[in-house]
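2 protein chains.
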Amino acid sequence: MIRNIILASTSTLFGGQYLEYLKDELLIHFSGVKKLLFIPFARPSGISYDEYTNRATCFFKNIGIEVVGIHTVEKKIEAIEKAEAIFTGGGNTFLLVQQLYKFQLLDAIRNAVNNGTPYLGCSAGTNIGGLSMKTTNDMPIVYPPSFDTLGLVPFNLNPHYLDPDPHLKHNGETRETRILEFLSQNETPVVGLREGSWLYIKDDKITLKGNLQARIFEKNKTPYEIPPMTDLSLLK
Amino acid sequence: MIRNIILASTSTLFGGQYLEYLKDELLIHFSGVKKLLFIPFARPSGISYDEYTNRATCFFKNIGIEVVGIHTVEKKIEAIEKAEAIFTGGGNTFLLVQQLYKFQLLDAIRNAVNNGTPYLGCSAGTNIGGLSMKTTNDMPIVYPPSFDTLGLVPFNLNPHYLDPDPHLKHNGETRETRILEFLSQNETPVVGLREGSWLYIKDDKITLKGNLQARIFEKNKTPYEIPPMTDLSLLK
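Residue numbers (our numbering), protein chains in the order written: chain A, 1 to 236; chain B, 1 to 236.
Treat the hints as calculated values from the structure; they're not laboratory data.
Keep in mind that the hints are not guaranteed to be accurate.
What the hints assert, rightly or not - Only pairs whose alpha carbons sit at most 25 angstroms apart, straight line, appear in this in silico DMTMM-like list of lysine to aspartate or glutamate: (1) B:LYS34 - B:GLU84; (2) B:LYS219 - A:GLU51; (3) A:LYS169 - B:GLU20; (4) A:LYS102 - B:ASP148; (5) B:LYS169 - A:ASP24; (6) B:LYS169 - A:GLU187; (7) B:LYS221 - A:GLU51; (8) A:LYS169 - B:ASP24; (9) A:LYS169 - B:ASP165; (10) B:LYS219 - A:ASP50; (11) B:LYS169 - A:GLU176; (12) A:LYS219 - B:GLU51; (13) A:LYS221 - B:ASP50; (14) A:LYS169 - B:GLU176; (15) A:LYS219 - B:ASP50; (16) B:LYS102 - A:ASP50; (17) B:LYS169 - A:GLU225.
Treat the numbers as computed from the prediction; the structure is a model and nothing was measured.
One chain only, chain A, in its complex shape (with noise of 0.2 angstroms):
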């Protein structure tokens, strides 16, 4: 396996531009490739497919990566076979699954990601790149087929990990929480990964980037503080 992944928590830190964080590890990431295949059914707040391509075409221009929406190709399934490389933008988890399922895509893109097409995967894009989506913080505003996402590491992803606010008088679960409850049902070892951090995945080399640590849970076990440049190739 050749496989160059990023798996992002967030596409935008608060108060910061788009995508702006990870620029450097970007530049590195898509050196050499002149034109992305972007794929935006999560629609963040329900704007279109082409406002949200627009936004990453408004990025990328400015490294010198031409962007090209997925729902702009017919072709869909020979475009990610065909891709220098992919990124999922975020927004809404259950609406990017159902999409992926229509068009049969899940399996065109694991294949083509761990062949080596460069992938970059924010949110949504991120909850994906685990076992399942069953750990999204996201509304199930529509009924996927299945759960069951690309499996690019042995585990879940939560991103937007939200550590408990001991200030609020709200009686919702806190992230832990529902996270525990996902442990009552699942086998799967959870990564919370906090806004600002990601997941770099070289070959089979998992390592948590960023300045941020990350928190772990496991069935049966208390859940747990890893610090950048962990290597979690052995969680799962």
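Based on the hints, put chain B in the right spot on chain A.
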């Protein structure tokens, strides 16, 4: 139709005891009831059915009502048909709905409640009162065979409705953004029920109760607030 339904945002207010804030209402709602059928399938924080049923038992013994957990009954459909009253507790809506489909209980509950069996739902038990569970806040920890639910009201519900926190430096979607994403894909209106609010349904009349406003989301309309005692029968 002779219906008596309470759909509450939460079972417990911040700093309060289980069901305490609803006690006066429940004394009337369940007056004459000697035995209540409890549906513990949502398993908050992954607790067992027995533990969860015990929590309900502790509250209801104070108002002279015996509680039977449906998990202890072999003939579950018959138990629903014969129940004096039904209470579905909160927790994870995906888990709840998966179990309701597994035992084929949705039709039985709908029939019983529409024929006069008093019903109480809290949180996940309120979500299933809507047309679908597509506006739950919960994590999709299991894959139910459908998102369709009881449809005791002609719209969807969002329990634990939470206003945006202007101080939060986090890029995850607000509750309002999530519900607007739902409306980009669905026609069904959504009632955002803040903690401390509940809907009281008497026959076909649907009244907002408690001291707080609720937030209404309709397709192609700006979300708006409604005061307590508003009749929601015409929202569809």
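Evaluated hints:
1. B:LYS34 - B:GLU84: holds, 8 angstroms
2. B:LYS219 - A:GLU51: holds, 20 angstroms
3. A:LYS169 - B:GLU20: holds, 17 angstroms
4. A:LYS102 - B:ASP148: holds, 20 angstroms
5. B:LYS169 - A:ASP24: holds, 23 angstroms
6. B:LYS169 - A:GLU187: violated, 32 angstroms
7. B:LYS221 - A:GLU51: holds, 21 angstroms
8. A:LYS169 - B:ASP24: Status holds; Cα separation ~23 angstroms.
9. A:LYS169 - B:ASP165: Satisfied, since the Cα-Cα distance of roughly 12 angstroms is no more than 25 angstroms.
10. B:LYS219 - A:ASP50: holds, 21 angstroms
11. B:LYS169 - A:GLU176: holds, 19 angstroms
12. A:LYS219 - B:GLU51: holds, 20 angstroms
13. A:LYS221 - B:ASP50: Given pair LYS221 (chain A), ASP50 (chain B) holds - Cα atoms ~23 angstroms apart, limit 25 angstroms.
14. A:LYS169 - B:GLU176: The given pair, whose Cα atoms are some 19 angstroms apart, holds under the 25 angstroms limit.
15. A:LYS219 - B:ASP50: Holds. LYS219 (chain A) to ASP50 (chain B) sits at ~21 angstroms (cutoff 25 angstroms).
16. B:LYS102 - A:ASP50: violated, 41 angstroms
17. B:LYS169 - A:GLU225: holds, 21 angstroms
Violated hints, in rising order: 6, 16; the structure is consistent with all others.
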